[in-house]
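Engineer: Protein chains in written order, with my numbering: chain A, -6 to 223; chain B, -6 to 223; chain C, -6 to 223.
Note that these hints are calculated values from the structure, not bench results.
Hints may be right or wrong, so weigh each one.
Repeated chains share a single entry, so a pair holds when one copy, or any two copies, can fit it.
To be verified - Cross-link-like lysine to any residue pairs, in silico, SDA-like; alpha carbons within 25 Å at most:
(1) Lys186 - Val199
(2) Lys174 - Arg95
(3) Lys174 - Arg209
(4) Lys214 - Glu28
(5) Lys214 - Met(-6)
(6) Lys32 - Arg209
(7) Lys89 - Ala102
(8) Lys89 - Pro12
(9) Lys174 - Pro26
(10) Lys127 - Gly96
(11) Lys127 - Leu6
(12) Lys53 - Thr167
Computed from a predicted model, the values in this text were never measured in an experiment.
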Amino acid sequence: MRIATVDSACSVLNESFMPTNILSMVGIVVDHPYEQPSKVQARSEDYLLNDPDLLVKELKLCQEMLETEQVDYVHLDMSLGGVNILEITQADLLFKIPMSPRGREVIRAILPELQSIATAIDEQYHVPVLAIGKRSGPVRLAELYAAAYGVGRAMEKVKESGEAICIGLPVGTTATFNGDKVNITSLIPIESKLRAEAPVVNGVQVESFLNPIIRRFHALKLTVENIEVV
Amino acid sequence: MRIATVDSACSVLNESFMPTNILSMVGIVVDHPYEQPSKVQARSEDYLLNDPDLLVKELKLCQEMLETEQVDYVHLDMSLGGVNILEITQADLLFKIPMSPRGREVIRAILPELQSIATAIDEQYHVPVLAIGKRSGPVRLAELYAAAYGVGRAMEKVKESGEAICIGLPVGTTATFNGDKVNITSLIPIESKLRAEAPVVNGVQVESFLNPIIRRFHALKLTVENIEVV
Amino acid sequence: MRIATVDSACSVLNESFMPTNILSMVGIVVDHPYEQPSKVQARSEDYLLNDPDLLVKELKLCQEMLETEQVDYVHLDMSLGGVNILEITQADLLFKIPMSPRGREVIRAILPELQSIATAIDEQYHVPVLAIGKRSGPVRLAELYAAAYGVGRAMEKVKESGEAICIGLPVGTTATFNGDKVNITSLIPIESKLRAEAPVVNGVQVESFLNPIIRRFHALKLTVENIEVV
Chain A
-6 MRIATVDSAC
4 SVLNESFMPT
14 NILSMVGIVV
24 DHPYEQPSKV
34 QARSEDYLLN
44 DPDLLVKELK
54 LCQEMLETEQ
64 VDYVHLDMSL
74 GGVNILEITQ
84 ADLLFKIPMS
94 PRGREVIRAI
104 LPELQSIATA
114 IDEQYHVPVL
124 AIGKRSGPVR
134 LAELYAAAYG
144 VGRAMEKVKE
154 SGEAICIGLP
164 VGTTATFNGD
174 KVNITSLIPI
184 ESKLRAEAPV
194 VNGVQVESFL
204 NPIIRRFHAL
214 KLTVENIEVV
Chain B
-6 MRIATVDSAC
4 SVLNESFMPT
14 NILSMVGIVV
24 DHPYEQPSKV
34 QARSEDYLLN
44 DPDLLVKELK
54 LCQEMLETEQ
64 VDYVHLDMSL
74 GGVNILEITQ
84 ADLLFKIPMS
94 PRGREVIRAI
104 LPELQSIATA
114 IDEQYHVPVL
124 AIGKRSGPVR
134 LAELYAAAYG
144 VGRAMEKVKE
154 SGEAICIGLP
164 VGTTATFNGD
174 KVNITSLIPI
184 ESKLRAEAPV
194 VNGVQVESFL
204 NPIIRRFHAL
214 KLTVENIEVV
Chain C
-6 MRIATVDSAC
4 SVLNESFMPT
14 NILSMVGIVV
24 DHPYEQPSKV
34 QARSEDYLLN
44 DPDLLVKELK
54 LCQEMLETEQ
64 VDYVHLDMSL
74 GGVNILEITQ
84 ADLLFKIPMS
94 PRGREVIRAI
104 LPELQSIATA
114 IDEQYHVPVL
124 AIGKRSGPVR
134 LAELYAAAYG
144 VGRAMEKVKE
154 SGEAICIGLP
164 VGTTATFNGD
174 KVNITSLIPI
184 ESKLRAEAPV
194 VNGVQVESFL
204 NPIIRRFHAL
214 KLTVENIEVV
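So here's chain A without its partners, still in its complex pose (with noise of 0.2 Å):
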């Protein structure tokens, strides 16, 4: 079964550990076993947070992607159980699926939309876009990536402006550096196969810590390395 998804990730945190915004939306395409995508899509942008047009911007990267690839399914980072968004109705989010006040509202004022966009993909290439989010083992993978690709452009802006900044990364991730690469793994157990890698530039210096206010969620601290003159 073969997978197109679009995650964001990568959270600039503010002198209280709280995200800002988000650096980092990436598309993949990913098939049996489920451990490696065969296609990358990386945006490099700032999203704001509590943007409800996140997902709509993920939606149209998916749409994109299948201009050039050939899929099954369409997973969208929305956890409504797997439904396909087409069978959504507005009814649906007022009384029968449970969900927070403000979620409910997000997705009521986007659902048009993204039905639109879901009904030209369902024309143009027959495939199914399934409100699936956390569940999905493809998001978590596109997480992985979208965080490799944030780490990557928050330290080009660490390095350009001199400025440290902390960042976020997925709940249960670590990131560790291997030359010009940050590869962010999957901590929990069963994930341990999930790695996603992504170009980073030198002369950035990352320290790994516990984010204090919100448990099982890695920070890194970016700062502008030393250069020692010997």
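Once you've looked at the hints, dock chains B and C against the given chain A.
Structural biologist: Leaving out everything else, chains B and C in the frame of chain A:
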């Protein structure tokens, strides 16, 4: 504390990786330190995934085991906080216990029969039946055994029919093969000592992968081994 | 960011493995990288398991620690998303915050006293008290320390009375013994660097096992060591 319990596991997956039916039900008796059962009783039948009578069949198997096994408690795979099933009223189910509408409907339908069996167990053996479900360590161990026997049964089916099938393992578990045995182990770190084994046939090839539509679950693809003629 | 917090842990278990009372309360101060506290203050008293005043006692211990410790935040083991406790109204508790009926009742009862202490802390030290609970890394670390000191206290009790007792450790933790110290470590992979230690007496035998009625929790059986006379 000696505990008898029964669980069912190992689903056949269709081409969309959705579970269709369950291959195995296993009863165990376990005592301190709750790592290895002193008795294992396996049933090899097909069970419908949403069969409301599955819990009734599980409790009947517990009842049968008590004919020869002395225990202090029966753990039923129904997650109601560990309450004695004879103390649950229809009013509790209607108003007090938080539950999905579907769960509520199923449990209300089978509660009279469960209570009738629990009454017989209480009268004959003075053993309470606790609705403890996923909180119980012994239920988890029974789940691993049910998975092991289910893998064995699936491999027999593949060998007999010559047709490949996919099966789903319980959450956070992995299968390893050692000669004519399958071992199911828990990948949850605190459960690293929990393992179950069952006999398997030869001549079936097994490939393990992460189920893409449900995170933290492994699936196995079973095919008849190609015998290379040299 | 320097954080002071207090947690209580290590329950005595009855013969059904149900917790009866809590053996230990520990306050810590921790700063970047949030792995080892710079200060540990242990209380050895018995606390009732459902004592609504436990949180009040925890906040009072935080307040005491602030007499000598400068911190940026107090983390309270009350899981309300990290809100400043002075911003919580009775109306929030009644209508806005999802909670069990029992939790709601307890928190409504103690909120005035918690807010009175938080006001004193705010006036004297300008330090906000956050109702962050289980999301806080420092609360988890305090829990490990409370468990370590609780194990030490339980071993003293066993040595004094000569009677065996069972105690329950916090979720996802394990105890190891090294000379006259107990180490409590987290088995959650991302928390592998979190550990706590406390002094213990000699002459008590410890057996670790999985609590059969609550998954992911270890229990310890403590008995007076038989001295073999050769």
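Engineer: Does each hint fit the structure? Answer for all of them.
Structural biologist: Hints versus structure:
no. : hint             : in the structure
1   : Lys186 - Val199  : both (24 Å within a copy, 18 Å between copies)
2   : Lys174 - Arg95   : neither (38 Å within a copy, 48 Å between copies)
3   : Lys174 - Arg209  : within (24 Å within a copy, 27 Å between copies)
4   : Lys214 - Glu28   : between (28 Å within a copy, 15 Å between copies)
5   : Lys214 - Met(-6) : between (39 Å within a copy, 13 Å between copies)
6   : Lys32 - Arg209   : between (29 Å within a copy, 23 Å between copies)
7   : Lys89 - Ala102   : both (17 Å within a copy, 22 Å between copies)
8   : Lys89 - Pro12    : between (31 Å within a copy, 24 Å between copies)
9   : Lys174 - Pro26   : both (24 Å within a copy, 24 Å between copies)
10  : Lys127 - Gly96   : both (15 Å within a copy, 22 Å between copies)
11  : Lys127 - Leu6    : both (22 Å within a copy, 20 Å between copies)
12  : Lys53 - Thr167   : neither (29 Å within a copy, 36 Å between copies)
The structure fails to meet hints 2 and 12 from the earlier list, while all remaining hints are met.
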